[in-house]
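Q: For the record, the sequence lines run as chains R and Y.
60 is the number of the first residue of the first sequence in our numbering; add one for each residue after it.
7 is the number of the first residue of the second sequence in our numbering; add one for each residue after it.
Be a bit skeptical, because a hint or two may be false.
To be verified - According to the in silico footprint, chain Y covers these stretches of chain R (three or more CB under 8 Å from chain Y):
1. 65-78
2. 82-89
As the list claims (entries may be wrong) - Only part of the chain Y face toward chain R is listed, based on derived beta-carbon distances under 7 Å:
3. Ala-8
4. Arg-17
5. Phe-42
6. Val-140
7. Tyr-174
8. Glu-178
9. Arg-181
10. Pro-251
11. His-253
To be verified - Pair by pair, the computed Cβ-Cβ distance ranges are:
12. Pro-91/R - Pro-196/Y: 42 to 48 Å
13. Ala-69/R - Ser-158/Y: 24 to 30 Å
14. Asp-94/R - Pro-55/Y: 42 to 48 Å
15. Pro-67/R - Thr-133/Y: 58 to 64 Å
16. Arg-199/Y - Pro-91/R: 27 to 33 Å
17. Leu-167/Y - Gln-100/R: 31 to 37 Å
18. Val-369/Y - Val-93/R: 25 to 31 Å
19. Asp-94/R - Asp-372/Y: 41 to 47 Å
20. Ala-302/Y - Gln-100/R: 49 to 55 Å
21. Ala-70/R - Arg-199/Y: 16 to 22 Å
22. His-236/Y - Asp-94/R: 27 to 33 Å
Hint data in this document are derived by calculation from the structure and do not stem from the laboratory.
Beta carbons: idealized from backbone N, C-alpha and C, even for Gly.
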Amino acid sequence: MSSTTDRPSAAAIVVRAAFYALAVVGLVLYGPGVDYTFIYQGF
Amino acid sequence: MAACFVAFAGRGITTTHVLWRETTFEHTRDITRVAFAQTYQAARAIYAPRAATPIVLLGNSRIWLGAPAPLVNAALATRRPDEPAAVNLGIFGAGLGDLEALSRHVGRVDPSLAVLTLGTSDLLGSTSTPLSGVPARLLRIGWDGEPVGDASLADRLDRWLRTLWPLYRFREFARAAIDDRLVPSADVSPLSRRLSSPAFHIASTRDLFETAYGARGGEIEAAYERWRGHPTLASFVAYVETLNPSHLELVRQRVRESGPVDPEGPGLRLVDAILARLAPAGRTVVVLMPENPILAEDTRQEFHRAGYSDEAAAEVLAAARAHDVPLLDARAWMPARAFLDFDHLLPDLSGFQERLAEEIVHVLDD
Numbered sequence: 060m061s062s063t064t065d066r067p068s069a070a071a072i073v074v075r076a077a078f079y080a081l082a083v084v085g086l087v088l089y090g091p092g093v094d095y096t097f098i099y100q101g102f
Numbered sequence: 007m008a009a010c011f012v013a014f015a016g017r018g019i020t021t022t023h024v025l026w027r028e029t030t031f032e033h034t035r036d037i038t039r040v041a042f043a044q045t046y047q048a049a050r051a052i053y054a055p056r057a058a059t060p061i062v063l064l065g066n067s068r069i070w071l072g073a074p075a076p077l078v079n080a081a082l083a084t085r086r087p088d089e090p091a092a093v094n095l096g097i098f099g100a101g102l103g104d105l106e107a108l109s110r111h112v113g114r115v116d117p118s119l120a121v122l123t124l125g126t127s128d129l130l131g132s133t134s135t136p137l138s139g140v141p142a143r144l145l146r147i148g149w150d151g152e153p154v155g156d157a158s159l160a161d162r163l164d165r166w167l168r169t170l171w172p173l174y175r176f177r178e179f180a181r182a183a184i185d186d187r188l189v190p191s192a193d194v195s196p197l198s199r200r201l202s203s204p205a206f207h208i209a210s211t212r213d214l215f216e217t218a219y220g221a222r223g224g225e226i227e228a229a230y231e232r233w234r235g236h237p238t239l240a241s242f243v244a245y246v247e248t249l250n251p252s253h254l255e256l257v258r259q260r261v262r263e264s265g266p267v268d269p270e271g272p273g274l275r276l277v278d279a280i281l282a283r284l285a286p287a288g289r290t291v292v293v294l295m296p297e298n299p300i301l302a303e304d305t306r307q308e309f310h311r312a313g314y315s316d317e318a319a320a321e322v323l324a325a326a327r328a329h330d331v332p333l334l335d336a337r338a339w340m341p342a343r344a345f346l347d348f349d350h351l352l353p354d355l356s357g358f359q360e361r362l363a364e365e366i367v368h369v370l371d372d
């Protein structure tokens, strides 16, 4: 089997990149963030 | 290619209505999330697209309640119809460290006037009046370190990443906004909701108390009427006890924590840092917010420390002069009947927005 047939298709590359991007965006948005709970007693 | 997708998604979230369209969570009644919600509103006022360069009001609950943007804008419109709109960036519980973090963003809107509002007790930097909290953590950006406090390496990395990458900077807000689009919050504060309307108006104290405190409104109104009938410190304290006992405890604790004003203390260093950033960028004014004159009756110094306010005001004035920034000393502007409690003015009913608008016009004309 030649090496060219092992190369992933353009569509597969795009899908894989989209998957990685989604993982990164998901991790940024839903990963750990600062604790923003705070009770203001003054009002 | 994955990096391009991430950048594209980030831009699609942080520069559009996905993040900045009005949400229900920003009007939350959940007391633990109010500071977060108001920090989000402040960020939106800066980062959402807008037509004119605004007048920005920076401060905490004193300015949030005392000068809601719809009222200031109406008062400005009667004096200078061509004046750009004011935006109120007040955040409950915001200390001077929080305002310093917020000031790092203000240049983005190139304000025609930045109004830094503070109470003299904001200089304390104590347990009752912390300098930094939720807004500083959420809004930290910039390559310069914080003027007060030694940030950990993790905090510095967080600040640098927030500076470089908007999606990371706004990740807490974006998560809350996306969740809100999917499942809107049902626990909405009627007062906050009304404040977002350009036609905001409070008809009476009963209207205010019933809007802000719901079923307790009638009881609070009765206590308020008793105070107005017998306007003494004792009856005012009894009214505030009905309104919010935690406020009284906070004020008492503040007195216990207040000592002589330190000119080199962290509070004044933060005022200096804020003015160093705002003043070169454009017109800036400092406003010392009104103080309740009923404190003159507090001879036992239960709710204030005699002399502290004047000492603090003198130091703030010196800091303002050092940056060639005018200071409006509004501490004695309002009568006791204009106050909701020891710190806060009655929104709309106090009329503070009229006096503030008048002074803003004077500053802009100078």
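Q: Now, for every hint given, state plainly whether the structure supports it.
A: Now the hints, each set against the structure:
Evaluation of the coverage hint for the region 65-78 of chain R: fulfilled, as 5 residues show C-beta separations to chain Y shorter than 8 Å, against a requirement of three. Proximity of the region 82-89 of chain R to chain Y, defined as three or more residues with a beta carbon under 8 Å from a beta carbon of that chain, is established by the 5 residues found. Given hint, Ala-8/Y at the interface with chain R, holds; its Cβ is 4 Å from that chain's nearest Cβ, closer than 7 Å. The beta carbon of Arg-17/Y comes no nearer than 11 Å to any beta carbon in chain R, farther than 7 Å, and the hint placing it at the interface is violated.
For Phe-42/Y, the interface hint holds, since its Cβ comes within 7 Å of a Cβ in chain R; the closest pair sits about 4 Å apart. With a cut of 7 Å, the hint placing Val-140/Y at the interface with chain R holds, because the nearest CB-to-CB distance is about 5 Å. The interface hint given for Tyr-174/Y is met, as the beta carbon of that residue sits about 6 Å from the closest beta carbon of chain R, less than 7 Å. Interface hint at Glu-178/Y: satisfied, since its Cβ lies 4 Å from the closest Cβ of chain R, which is below the 7 Å cut-off.
Evaluation of the Arg-181/Y hint against chain R yields a held restraint, the C-beta minimum of about 5 Å falling below 7 Å. Annotation: Pro-251/Y was flagged as interfacial toward chain R, and the flag is violated, the nearest CB pair being 9 Å apart, outside 7 Å. A least Cβ separation of about 6 Å between His-253/Y and chain R falls short of the 7 Å threshold, and the interface hint therefore holds. Checked against the hint of 42 to 48 Å, the pair Pro-91/R and Pro-196/Y fails, with Cβ atoms roughly 34 Å apart.
Distance hint check: the CB atoms of Ala-69/R and Ser-158/Y are about 45 Å apart, inconsistent with the given range 24 to 30 Å. Look at Asp-94/R against Pro-55/Y: about 30 Å separates their beta carbons, and that is not inside 42 to 48 Å. Distance hint check for Pro-67/R and Thr-133/Y: the Cβ-Cβ separation is about 59 Å, which falls inside the suggested range of 58 to 64 Å. The hint said 27 to 33 Å for the Cβ distance between Arg-199/Y and Pro-91/R, and at roughly 31 Å that hint holds.
For the pair Leu-167/Y and Gln-100/R, the supplied restraint of 31 to 37 Å holds, since their beta-carbon distance comes to about 32 Å. The beta-carbon spacing between Val-369/Y and Val-93/R, approximately 35 Å, falls outside the hinted interval of 25 to 31 Å. Between Asp-94/R and Asp-372/Y, the C-beta spacing of about 44 Å keeps the proposed range 41 to 47 Å intact. The hint said 49 to 55 Å for the Cβ distance between Ala-302/Y and Gln-100/R, and at roughly 25 Å that hint is violated.
About 48 Å separates the C-beta atoms of Ala-70/R and Arg-199/Y, a value inconsistent with the hinted range of 16 to 22 Å. At about 45 Å, the CB distance of His-236/Y to Asp-94/R disagrees with the hint of 27 to 33 Å.
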